[in-house]
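Protein chains in written order, with numbering that gives the first Met the number 0: chain F, 0 to 459; chain H, 0 to 263.
Since the hints were made in silico from the structure, they are not lab data.
Everything hinted at is true.
List of simulated lysine to any residue pairs, SDA-like, C-alpha gap at most 25 Å:
(1) H:138 <-> F:35
(2) H:138 <-> F:39
(3) F:52 <-> F:343
(4) H:138 <-> F:115
(5) H:138 <-> F:113
(6) H:138 <-> F:32
(7) H:138 <-> F:29
Remember, predicted model here, so these are calculated numbers, not experimental data.
Spelled out, the chains give:
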Amino acid sequence: MSDTDLLEPTRTRTRTRDARRTPTPLRTECLRGFPPLAGLVVFCAMSLAMAAKSAEWMSSWGETRTLLHLAATLVCSPLTAAAGCWQGGREHRRRTLDLRATAARGAFAQFWPAALPVALWSVAGYALAAGAALLVNLPYAGGSGPVVGVLLADAVFLTVCALLGYVAGRLVRRRLAAPLVAIGGYAGLALTANSAPDGLLALSPAAGFTSESVLPVWWQPLAMTGWQAGLALAVVLLYGAVRRTAVLVPLSVAALCGALLVHGGPGMWRTDPVTRQQVCDTSTRPAICVNAMAGGLLPEVRAALLPMIERLEGVRNLPARFEDGPGEPGPEEAQLPMLRPLGWHARRGEISSPGLYRREAATALSQWDCPHEPKGDERAMRTKAAVDDWLAQDSTLLAREREEEQWAADRGDEEWLADIEADRAARRRLTDMSESERRAWLSEFFAARASCDPKDVPVL
Amino acid sequence: MPLPPRPHISLSALTVHHRKTLALDALTLDFERGVHGLLGPNGAGKTSLIRVLATVAPATAGRVEVLGHDLADRRALPAVRRRLGYLPQDFGFYPGFTVREFVAYVAWLKELSRETTGAAVERALERVGLGDRADARMKTLSGGMLRRAGIAQALVNEPDVLLLDEPTAGLDPEQRVEFRELLRDVGRDAAVLVSTHLVEDVAAACTEVTLLAEGRVAYRGTTEQLAALGADPAEAGDHPIERGYTAALRHHRATAPSAAGVTR
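Just chain F, same shape as in the assembly (with noise of 0.2 Å):
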């Protein structure tokens, strides 16, 4: 063996210990310079735009979903083609377009550790707001769970923004281009999402979920990135001038993945088959039904009833459960106040007012289980109002009474006064009556309801 062959390894150790340390374009790209600031203003607007509606999505997948699909299109996608614009001209405002214009490598090749890093940057900040607000849901939210098709086309709609925003970048060289294409951007998509046809909505980034109980079809995020992703190669195989018929295959895949989304129009998006579920606690009674797309609020809902469900106990007659499905009630059963949308009962995974709550389904209890609301005398009025007071035990009511009663004296309106005395006085009896005979009494009352017949309700 010759000293060469023996130097050998060690040379190609060297070599190989060179090129781990030399630095690739796509590395300096990514953490020097204005890049790692676009992700961050990204992940910054992703956050406030969640933020400002955290009331709404939170403990639902499908608010979550539909805010985290409009946030990025909306809000981020016109920040990271400006984002995208800056960094083209980037070349302009540091004198290299000379040094650059030398350069062994094209402008194709050249096109992608300079645009790519603003484009994975603003991914990463996206993924990482998004990643946040569904982990903040994961404890408690029901539903079909997040749709990581939808997710991925959007980043990247993300990525063909920054891809885009470069292309403008490069080619108009002033300072203005980047907010410019931030405020068109905003213009363009609030016109596509709001008055563009149904055919050409279909092929808008920002068009789709239109609620919360909406899915779209298998083949809707796949066909959207297609057309978007085949669109943005196109201009940058056209800004590479790379064979100018290298073109026409990401211009092929855009027209057929576009004529897809357009011929599919709203009939890509269908009900979530989860809106007609629900999921009960049967250990009560009446049994406590929410609808699944808020599956993980039953634990607030029974939480807040239960000072109500435990006033029933040995009371016989009533609705077998509360239900929160589509469409009215059964018979012998109760409409659950409703949870959805978000924001109102329900915000942040919790009930924001138990009493409130509870009041609103002790009156959805004693309603008729007739087809039609009986013609009710004042009578029946009077006694079930009493009964949904007593049941609801809301801390609110007596103050509610004063301020009512004070309004009335002050306008001397003894008519009201009378009716405020009555209601009192006809909760008071319900009070006093002893447990065994209000058990009597409330078996007798909620057998009414399904008899349509306010006679039939019994005297307080």
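Following the hints, position chain H against chain F.
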């Protein structure tokens, strides 16, 4: 009998227009291996010539051959650019990059292989005396250091043709002395074109001088020949080269009809 080696750079009737202004007027020149000084007053066409040779700007007419490739043939450009080093007059850089990252980036632009880039970057930085500042950010460098970083990026691919436009601007006297030594070293294997206003650099480092005026060649010869032109101490200038420069320029203006720099 073997053919004589082809010149590194060959210009034939090279004409360059900037809009309506004629920058280079039917220039016919060859440049061989060695260090060539490109002198001339402002607007003489030095930067225009360097930019055409660097493949940054196109020729309006005429033929330009670099390393045996016709620059009009776009397919030949990558091969030329791989063997070309260029320091623009207005050297731009990315302030957030470290010196090593910046030079490595240019090495990548020049299509150096990943295996050789590390060593090439180290060598280029050592040659310009920036080895100890390799990990400093570009924005922290002084003007002279930035210029040296610019020279390092031009040298990273060990070019066969090195084009330097005002390379000594911002360098202190000691750095200029070192830089001239570097030029002589590079000029042993490559054709080096140095556009400058500083005649001392030309006197110390260049083997040949080309004086441009109004887009034409006003004088061509060795440094010694130009210095000989300035033997008359009555001529304006403190240095024989300076006096030779002034004499050659005056002679050109007296004999040649005005052409370049005027609207046509």
